[in-house]
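K.L.:
Chain by chain, the residues:
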Amino acid sequence: MARRENPEINAGSMADIAFLLLIFFLVTTTMNVDSGVSKKLSEKPPEDYVPPIIKEKNIFEVNINRDNDLLVEGDRMEIKDLKDAAMAFIDNGGGDGKIDEGVATGPCTYCKGAKSTSSSDHPNKAIISVQSDRGTEYGTYLKVQNELIRAYSELRNRLSKERYGIPFPELEESYKDDRSNESLKKKVEDIKTSYPEIISDAEPTSN
Amino acid sequence: MSKFRKKKKGMPAVNTASLPDIVFMLLFFFMVTTTMRETELQIENPRLPNATEVKKLEHKSLVSTIYVGKSKDPKYGASYNRIQLNDKIATADDVPAFIINERSKVSEAEVPFMTTSIKADKESNVGTIIDIRLKLRDVNALKISYSASKGASN
Numbered sequence: 000m001a002r003r004e005n006p007e008i009n010a011g012s013m014a015d016i017a018f019l020l021l022i023f024f025l026v027t028t029t030m031n032v033d034s035g036v037s038k039k040l041s042e043k044p045p046e047d048y049v050p051p052i053i054k055e056k057n058i059f060e061v062n063i064n065r066d067n068d069l070l071v072e073g074d075r076m077e078i079k080d081l082k083d084a085a086m087a088f089i090d091n092g093g094g095d096g097k098i099d100e101g102v103a104t105g106p107c108t109y110c111k112g113a114k115s116t117s118s119s120d121h122p123n124k125a126i127i128s129v130q131s132d133r134g135t136e137y138g139t140y141l142k143v144q145n146e147l148i149r150a151y152s153e154l155r156n157r158l159s160k161e162r163y164g165i166p167f168p169e170l171e172e173s174y175k176d177d178r179s180n181e182s183l184k185k186k187v188e189d190i191k192t193s194y195p196e197i198i199s200d201a202e203p204t205s206n
Numbered sequence: 000m001s002k003f004r005k006k007k008k009g010m011p012a013v014n015t016a017s018l019p020d021i022v023f024m025l026l027f028f029f030m031v032t033t034t035m036r037e038t039e040l041q042i043e044n045p046r047l048p049n050a051t052e053v054k055k056l057e058h059k060s061l062v063s064t065i066y067v068g069k070s071k072d073p074k075y076g077a078s079y080n081r082i083q084l085n086d087k088i089a090t091a092d093d094v095p096a097f098i099i100n101e102r103s104k105v106s107e108a109e110v111p112f113m114t115t116s117i118k119a120d121k122e123s124n125v126g127t128i129i130d131i132r133l134k135l136r137d138v139n140a141l142k143i144s145y146s147a148s149k150g151a152s153n
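These protein sequence lines map, in sequence, to chains Y and A.
Following numbering that gives the first Met the number 0, the numbering of the first sequence begins with 0 at its first residue and continues without gaps.
Following numbering that gives the first Met the number 0, the numbering of the second sequence begins with 0 at its first residue and continues without gaps.
A hint or two may mislead.
To be verified - Straight-line C-alpha distance at most 27 Å; calculated BS3-like pairs for lysine-lysine:
# : chain 1 : residue 1 : chain 2 : residue 2
1 : A       : K142      : A       : K54
2 : A       : K134      : Y       : K43
3 : Y       : K39       : A       : K104
FYI, nobody ran anything at the bench for these hints, they're computed from the structure.
Build the full structure now, drawing on both the sequences and the hints.
P.N.:
What follows is the structure, encoded as structure tokens:
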């Protein structure tokens, strides 16, 4: 009996099949990770809610009209100048901080601002109010929000470097990796309460 | 002369036996990284604004997405203010029902961590976004993320 050799399976077309699948996945793949500017909305106020009285100087007013122009504290401004203006306002430190659960926070010791009496008292009193028109473009609105958040993160970063010697994003990152670390938590909270992000959205104008 | 003729013997064929392996490797890479889009877009793919202070959205299952942009179907008009929930065009009034429906998909303990991602086109109006936001506040969905691509804002 002649020994027959096992016929080999032709694998030449394997590459073609794999290529076909590969191209299918290449086309259907979306690599982008979802990312965005995160915000926390305020809770719905109760019916009988009376808004607290806030001193004019502690409010930084930003208006965006429907032609996407910016009016900041009564003056026209370009978006690129907004961050510095907001930083100057937040970091002014011209007075005493708010009284938190009976404990006065006193004057701002870490502020490096002009300490002007006509600007904000303390970062925890400084409120940024953004009012936009219903017709404002969303792109502009988000740019403004982004600049304001940038102002806060720059200030937090500065303070974090001063107090703990590392940039704030890194501090936050290391806390995220190790949530049980109390000292890291305290540091993050400390920076966050030193410069609390208070950006409020006013009712939009509609015409 | 024979010396020259020898060269004409032809090149040995390149061994392509490992080609399938390479291709398979690439294939697996793409298979693993692929995320299939769950809902079909009824609006034109929104041109997201750029921002520098973006945060990555974690826990995909806890994110509900609202799209805002221009409808592909011309019967809804050409404005950039159409809202898409799931896979149909809706109005801001449908947002609470959408959120409650999304909530029913996750366990109760995770509800406070749910985030609403708003994917809106650059040219959408703030009015539309604010309408959505007011509705979100009504149902206590307070964590939102304005979807943006990372990059220089100016």
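K.L.:
Compare the structure with each hint and give your call.
P.N.:
Hints and how they fare:
no., hint, result
1, K142(A) with K54(A), "holds (13 Å)"
2, K134(A) with K43(Y), "holds (10 Å)"
3, K39(Y) with K104(A), "holds (22 Å)"
Taken one by one, the earlier hints all hold for this structure without exception.
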